[in-house]
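Visitor: In case you want the letters, here they are:
2 protein chains.
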Amino acid sequence: MAKSAASDLITPVVLSGGSGTRLWPMSRTLFPKQLLPLASADSLLVDTARRLQAPQFGPPILVCNQEHRFIVAEQLREAGFERRAIVLEPIGRNTAPAAAIGALLVAQTTPEGLVLMAASDAVIADTAAFQRAVATGAEAARKGALVTFGITPTRPETGYGYIRFDARGKKRGNGADCVPVAEFVEKPDQSTAEAYLKRGGYVWNSGMFLFRADRYLAELERFRPAIVAACRRAVAEAETDLDFLRLGQAAFAGCPAESIDYAVMEKTADAMVVPVSMGWNDIGSWGALWDIGDKDAAGNVVIGDVLLEDVRNSYVRTEDGKLVAAIGLDDIVLVITDDAVLAARRDRAQDVKRVVERLKLANRPEADVHTTVYRPWGSYQSVDAGARFQVKRLVVNPGAKLSAQMHHHRAEHWVVVHGTAKVLRGEDTVLLSENQSIYIPIGTVHRLENPGKVPLHLIEVQSGSYLGEDDIVRFQDDYGRG
Amino acid sequence: MAKSAASDLITPVVLSGGSGTRLWPMSRTLFPKQLLPLASADSLLVDTARRLQAPQFGPPILVCNQEHRFIVAEQLREAGFERRAIVLEPIGRNTAPAAAIGALLVAQTTPEGLVLMAASDAVIADTAAFQRAVATGAEAARKGALVTFGITPTRPETGYGYIRFDARGKKRGNGADCVPVAEFVEKPDQSTAEAYLKRGGYVWNSGMFLFRADRYLAELERFRPAIVAACRRAVAEAETDLDFLRLGQAAFAGCPAESIDYAVMEKTADAMVVPVSMGWNDIGSWGALWDIGDKDAAGNVVIGDVLLEDVRNSYVRTEDGKLVAAIGLDDIVLVITDDAVLAARRDRAQDVKRVVERLKLANRPEADVHTTVYRPWGSYQSVDAGARFQVKRLVVNPGAKLSAQMHHHRAEHWVVVHGTAKVLRGEDTVLLSENQSIYIPIGTVHRLENPGKVPLHLIEVQSGSYLGEDDIVRFQDDYGRG
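Chains as they are written, first to last, in our numbering: chain C, 19 to 500; chain V, 19 to 500.
Warning: the hint list may mix true and false statements.
Which copy is meant is left open, because identical chains are indistinguishable; a pair holds if it fits in one copy or across any two.
Cut-off 30 Å, straight-line C-alpha distance, at most; resulting in silico cross-link-like pairs (DSSO-like, lysine-lysine) [unchecked claim]:
1) 161 x 216
2) 378 x 313
3) 161 x 285
Quick caveat, the hints were computed from the structure, so don't treat them as lab data.
Only a predicted model underlies this, so the values are computations on that prediction, with no experimental measurement involved.
Let the sequences and hints guide you as you build the complete structure.
Guide: Structure representation (structure tokens):
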């Protein structure tokens with residue numbers, strides 16, 4: 019395929035939201051599933067971005083929760099993918115406003131430019147079928163249609179909404195046809211789902227959409243003018259913050275929360291659908307990961323250091339170098355992370371959301387964070403803790419710098435185990451290389467920096483009467499934190 | 019009960035053997051089940067020793083694998099229990115030789131002294147019934163009988179040998195009678211076990227025995243003179259090593275390995291049995307721990323930080339502060355330790371031995387040790403490791419001292435986080451208190467000591483090209499190690 023002219027390129031708008039509940043304990047509120055390497059060695063977000071590297075696409079716009087911004091940016095940077103913008107939502111407002119933001123940004127340069135709305139947390143096994151379906155949809159979208167992509171159903175699924183399409187149209191389901199939408203239908207019950215499957219002409223609503231920026235904005239203006247108005251203000255008041263576009267907070271918070279389906283697609287006369295089979299899976303539960311995983315002869319999907327004795331049709335995953343042995347079990351899910359273990363009957367795995375709710379009610383950190391915590395400058399992990407002390411491993415990215423800070427209640431020992439550290443301590447600046455250490459007394463202003471070209475790893479031993487993260491007085495910060 | 023004259027006291031001989039397979043991952047070869055707090059806050063060994071604190075008993079003789087000696091000694095010391103001796107077996111030779119060693123030691127001072135052979139890894143819920151049964155047995159034993167204790171069966175168990183006793187004798191099973199043994203019978207099949215239970219007059223062979231030292235030695239001399247001869251030599255050649263009595267290695271290694279049952283009890287004309295119900299359980303599997311555990315309304319035994327959703331009749335235990343969530347499961351065992359996870363159907367939990375066999379074949383450390391490793395001076399635990407570095411937490415007991423040592427390939431940083439350390443480094447001796455640190459360069463002779471009255475905790479950061487435990491040159495050691 020010849021490279022298209024820039025104005026013909028489709029701008030993907032990738033939505034990176036997510037509450038981190040359905041794949042707990044691997045996903046957490048501050049580390050939802052799209053940021054995890056669930057279907058390959060890369061995260062679902064990076065897999066999604068890779069799928070969008072075809073010649074028909076320009077650099078994507080990412081729309082994400084501001085809490086996830088450093089991880090999103092770092093994953094894209096590491097993978098080497100360009101992006102047009104990373105838009106920070108101060109609060110989630112569902113998909114119609116996010117699409118409006120994407121359309122407004124594209125329309126700034128190319129009002130008739132095509133926008134592909136895509137989730138960052140779905141698996142699409144057949145990339146070629148995906149790209150073919152997008153190309154098919156693009157033809158209709160250029161003529162003004164609002165195109166959705168419908169997944170040819172393979173089972174009577176009751177967990178998705180369906181799209182009925184015009185049966186007079188072609189319906190080969192290979193992504194080569196774009197046909198009018200007849201009706202959006204709600205999640206059916208079992209017998210209705212079976213009837214849809216038998217009758218044909220129904221596809222699953224994938225939540226992927228393709229349209230011209232101006233057409234979407236025109237239809238949204240017609241059906242939901244308040245959303246367009248709020249989004250225009252949020253973009254007008256947006257601030258550039260490092261690499262990020264931070265939407266105007268008051269404007270966006272005042273925007274009605276609605277899905278694209280409900281706000282536009284179910285109402286417009288120009289809805290079309292590309293029926294397609296492309297190995298799509300929205301990874302709604304651990305059971306879905308078992309569905310799509312590579313299975314051994316006994317039907318098990320196994321990831322990590324696992325020993326099985328007479329186990330069948332199970333999903334066993336261990337993330338922390340921890341050994342797992344399972345004996346005499348069928349149809350279970352067993353997931354081990356650095357701080358938590360999930361064991362569930364496979365067909366009950368979606369109830370993990372109840373566990374997460376209970377954790378949130380109890381204010382347990384396991385709902386929100388991993389023991390590895392990501393920061394703009396790198397990450398840290400708590401590796402040991404006891405009375406009046408704790409041990410962390412810090413990783414500081416090349417060139418990165420922590421804030422200048424001071425603690426009232428703890429002293430810190432730092433031992434460099436890899437790379438080079440530049441440490442400001444009081445009035446002095448010291449350069450430490452591997453195997454050197456420094457002591458930061460209570461109340462001393464200090465600042466840690468990695469002046470080198472490789473990641474700096476250091477072991478921090480904290481001691482003191484209070485070791486909470488909130489014992490910090492920041493004096494200067496490169497990352498806009500108070 | 020009035021305190022008996024010293025020569026009337028029963029000397030318990032507590033056998034602390036065990037291969038550490040049946041309760042993996044909590045038990046390990048170097049940390050078998052009797053050393054674990056499985057039925058109370060104390061280890062089974064300490065629970066056993068506590069049961070033997072009644073006035074009828076003198077201080078116990080412990081017979082243990084030499085690999086376990088420091089843990090056995092430390093657990094008894096912490097619990098504050100006296101012991102007569104800790105005998106180290108260079109190799110396991112089953113129970114007849116261990117009983118001979120105990121009898122020989124008792125006979126040195128009191129040839130007619132009573133010896134109670136007891137396992138260190140059984141639970142006995144009803145201590146009063148146990149002590150009553152022992153008192154009953156002691157009367158017969160003083161007259162020369164070789165007494166065994168038979169557990170009144172509560173189910174048609176096929177996993178134990180049975181003892182048929184003389185039905186003409188009394189058989190109240192409350193530990194108040196001592197009756198002649200009619201026959202020792204092998205583990206029965208299911209229908210035979212059911213017949214035994216129905217017929218009455220059968221009890222489980224508990225492996226507890228009570229006899230006069232001289233009587234046991236006489237009967238053993240009669241039936242198995244080679245065992246007596248080997249054990250006499252092993253005691254004659256024994257060396258006192260710190261607190262321990264280390265049996266003559268060649269002599270004991272040459273001793274035939276046989277059980278008391280087979281060598282003596284099944285052959286002697288003077289076998290008697292005390293039928294007793296005392297809440298005895300030999301904790302042969304995780305299922306047994308579920309059997310004896312306190313259950314919630316859904317029949318679950320839960321230990322540690324556990325969240326259950328619709329789980330029934332399961333045993334869930336987490337030892338490492340790690341959160342466990344289980345959903346929709348019945349009849350499972352789930353055990354989490356610092357480095358391993360076991361998930362099993364409850365009635366298949368005994369197959370964990372197959373897992374341990376596979377681990378041993380693969381030379382995996384998880385078969386033998388915990389991440390916490392016990393040493394004569396205290397313990398250490400690996401808390402983090404990466405390329406060219408690792409972090410350990412060391413706990414040094416009050417007054418204890420590591421060997422003077424030197425490493426060719428690693429430097430060490432020590433940060434004291436609790437207590438006081440006395441450090442020899444090269445020619446200098448330094449005293450470090452909480453929050454102070456020291457650096458030990460590669461090739462420098464050093465020695466660590468806890469001169470204080472509280473345990474010393476320190477964080478050790480090792481760095482270097484090779485970090486194996488075997489990079490150590492020892493110059494002086496208080497614990498007889500090379």
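Visitor: Under the constraints set out in the numbered hints, which ones does this structure not fulfil?
Guide: When the structure is compared with the hints, only number 1 turns out to be violated.
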